[in-house]
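Listed here are the chains, written in short residue letters.
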Amino acid sequence: MAEAAVETEENLLEVNNIEVIYNHVILVLKGVSLSVPKGGITALLGGNGAGKTTTLKAISNLLRSERGEVTKGNIRYRGERVQDLVPSDLVKKGVIQVMEGRHCFEHLTVEENLLTGAYTRGSTKAEIEKDLDLVYEYFPRLKERRKSQAGYTSGGEQQMCAIGRALMSRPETILLDEPSMGLAPQLVEQIFGIVKSLNEEEGYTFLLAEQNTNVALRFAHYGYILENGRVVMDGPAKELRENPDVKEFYLGMSDEGRKSFREVRSYRRRKRWLS
Amino acid sequence: MPEQFIWGIEVFLNGLMAGVLYALVALGFVLIYKASGIFNYAQGVMALFAALTLVGIMEGQVPFSHLINATFGTEIHHFGWHVPAFAAILLTMVVMIALAWVVNTLIFKHLVNQEPIILFMATIGLAYFLEGFGDMMWGSDIKTLNVGLPQGINPVIDEVTYNIFDYGFFIDNLDIVATVIAAALVFTLIVFAQYTKQGRAMRAVADDHQAALSVGISLNFIWVMVWSLAGFVALVAGIMWGTKSGVQFSLSLIALKALPVLMLGGFTSIPGAIVGGLLIGVGEKLFEFAIGAPYLGGATEIWFAYVLALIFLVFRPQGLFGEKIIERV
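Protein chains in written order, with the numbering used here: chain A, 1 to 275; chain B, 1001 to 1329.
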C-alpha cells in the first residue's frame, strides 16, 4: 500500500507543463506537470473530461491519430524528449498504453491478441512463449480462454487481455487508462491486485488514470488530481486519502457527516476554489 | 444421357472457371477492406493499370511517350527492346508497390479516422485518376497480352469427355491455369494472414486502428503492405483477364462483377471471396443456360449476380463467410 511509498528517487517519466490542443482549437490540457518514479504506481485522478486520458495519450503519442497535439511544454522519458516519437518507437523504448475501454482485437483469439503485443520485439519464438507463460501465470483466466475470440470474452477478461497484451511488449512503464471501467467491484479489486503484484514482483512502473478515486488511492503510491485540464492537487496517496477536500469531493465522505442536497451550493463554491 | 444434362455439366465447369476470375478481383477488395475498412473502388482500375504496365514493359514502350513527344517535338514510342515475361512481371510488381506507397502517403495517411464514406469517395477519385494516368502513361489503344500462358481448348479434357459422353467439353486451358493460380494465391494469403506476424498485425489493424497503434504496430507500414498485396492480386487478375480478352478499358469494369461476389462471400473473408466468386460464376452461367436463354430472352448474366446478392443482403448481410458482427449484450 501507500506506506511502502516510492522506493527510488529516479523519475522515469517527466511531463512538464504540457498544453494539448485538439483540432487546432480545443484546448484540453492547460499546463499539466507530473513525474512518474521508477517502480511506482502513480495515479491520475479526476472526473469525466478532466484530461486524464488526454494526458496518457500525450505521453504514448496516440494523440496525433486523434488530431490532437502537444503545443507547449515537454515530455521526457529517461531524460530524453519523446513527444515527437511515433507510438511504435515509444513501445520499443518501453512505454506502452492500455487504452480506456480495453480495445482488444475482437476477431483475434485471446492468444493472438497477446502475441500482437510482441509485435515490436525481435525476439525468438522461445522467448515469446516464455512471456506468454508469464502472462498466463498472472492471468490464469486468459489461459482458459486463449482460443476464444476476444470479442466474445467478458469485460473483465478483455481488461486482462489488454493488460496481458501490453506485458508482451516487455515494457518498463505501463500507462493504464481506466482499468475499472464497466467492471464489477470485485473484478476491479482483482485487477488492481494483479497490477499491484506486477508492480511489486516484476518491477513494472505504472501510471494509471482512474475515476474510481477510492480504489486508485488504495493501490497507488502517489496521486495527481486533475480538473479542467490542470493538476489541482498532488501528493502521496496516503496524504491524499486523508485530505478533507479529496475526501469530500472524490471519496464522498465528509468530516461533518452526511450532507444533504441543500448544501450542494457550498460544494459548488468550494469546487470553484479548487480549480 | 440426355444432351441437355451433358451441356449443363460443361456450362457448370465453365462457370466455375469464370467464377475463379471474379474471385481473384474480389480478393483484392477483401484484403484492403479487411485491413483498413476502405472499400477500394479502384481495385478494377488497378488490375487494368497493372496489365497496361505489364504490356508496356514487355513491349519496351516509352512511358508518357505522347506527352514527351508533344512537349519536345520528338517521335519516340519504343525503346526497341523486349523484356521477358517473368522479368516484366517482377518490374510491374515494383511499380504496383510504388503505387501502393504513393496512394497511402498522399491520400489515405491523411484520412485516418475519417468516415467510411469519405474513404470510399477517395477511392472513386483514385479510380478515375488512375484510369487517366494509365492512358497517359501507356496510351489508350487496345493491347494484347501474352505472357506465355497456354490458351485454347484443352485436348485431354476434350478427348476424355468425348469418350465418356460422346461429346467433347470445351474447357479453355487458360481457365485451368487461372484456377490453379488462384487456388495457390488464396492458400498463400490465408496462411499469411493466419500464421505470420505481419498477417496477425494486418488483422489486428483491421479490428482496431487505435489499439494496433498502441501496441506499436505501424499503420502506415501495414497499409502499404496491404495495398501492395492488393496490387499483386490486381496484377494476377489483370494478367488473366488481359490474356483472355485483351488489355482495354473494359477490364476495369470487372470490378463491378466483384461487388456481388463480395456481398455473397462477405467483405471480410478471403475464402468467402473464392466461394462467392464460384457461386456467382456457376450460378449466372447455369441460370442463363437453363432459364435465361430459353425463357427470358437471354442476357441474364448481366443482372443475375446482383439479384442473388440482393437476396443475400436481405437475409444474411455479413455474407456467407463474413466475420460475425460481434455484439455483446
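Note that these hints are calculated values from the structure, not bench results. The beta-carbon is built from N, C-alpha and C at its ideal position, and this holds for glycine as well. Incorrect hints may appear among the rest.
Once the Cα atoms are required to be at most 25 Å apart in a straight line, the calculated DSS-like pairs of lysine-lysine come out as [claimed, not checked]:
| no. | chain 1 | residue 1 | chain 2 | residue 2 |
| --- | --- | --- | --- | --- |
| 1 | B | LYS1109 | A | LYS147 |
| 2 | B | LYS1143 | B | LYS1244 |
| 3 | A | LYS125 | A | LYS147 |
| 4 | B | LYS1143 | A | LYS92 |
| 5 | A | LYS147 | A | LYS130 |
| 6 | A | LYS147 | A | LYS93 |
| 7 | A | LYS72 | A | LYS130 |
| 8 | B | LYS1244 | A | LYS92 |
| 9 | A | LYS196 | A | LYS238 |
| 10 | B | LYS1109 | A | LYS125 |
| 11 | A | LYS93 | A | LYS38 |
| 12 | A | LYS125 | A | LYS143 |
| 13 | A | LYS125 | A | LYS92 |
| 14 | B | LYS1109 | A | LYS143 |
| 15 | A | LYS92 | A | LYS247 |
| 16 | B | LYS1244 | A | LYS130 |
| 17 | B | LYS1109 | B | LYS1244 |
| 18 | A | LYS38 | A | LYS196 |
| 19 | A | LYS93 | A | LYS72 |
| 20 | A | LYS93 | B | LYS1197 |
| 21 | A | LYS30 | A | LYS92 |
Label pairs and their computed distance ranges (CB to CB) [unchecked claim]:
| no. | chain 1 | residue 1 | chain 2 | residue 2 | range |
| --- | --- | --- | --- | --- | --- |
| 22 | B | ILE1190 | A | GLU242 | 33 to 39 Å |
| 23 | A | ALA126 | B | SER1245 | 37 to 43 Å |
| 24 | A | GLU129 | B | ILE1153 | 14 to 20 Å |
| 25 | B | VAL1094 | A | GLU129 | 52 to 58 Å |
Far from chain A by the CB rule (all over 10 Å, computed), these chain B residues [stated by the list, open to error]:
| no. | residue |
| --- | --- |
| 26 | LEU1016 |
| 27 | VAL1062 |
| 28 | ASN1113 |
| 29 | TYR1128 |
| 30 | PHE1129 |
| 31 | ASP1141 |
| 32 | ILE1164 |
| 33 | ASP1166 |
| 34 | LEU1189 |
| 35 | HIS1209 |
| 36 | GLN1210 |
| 37 | LEU1213 |
| 38 | SER1214 |
| 39 | GLY1216 |
ask   = Which hints, by number, does the structure contradict?
value = Checked against the structure, the hints that fail are numbers 1, 4, 6, 7, 8, 10, 14, 15, 16, 17, 21, 22, 23, 24, 25, 28, 35, 36, 37, 38 and 39, while the rest are satisfied.
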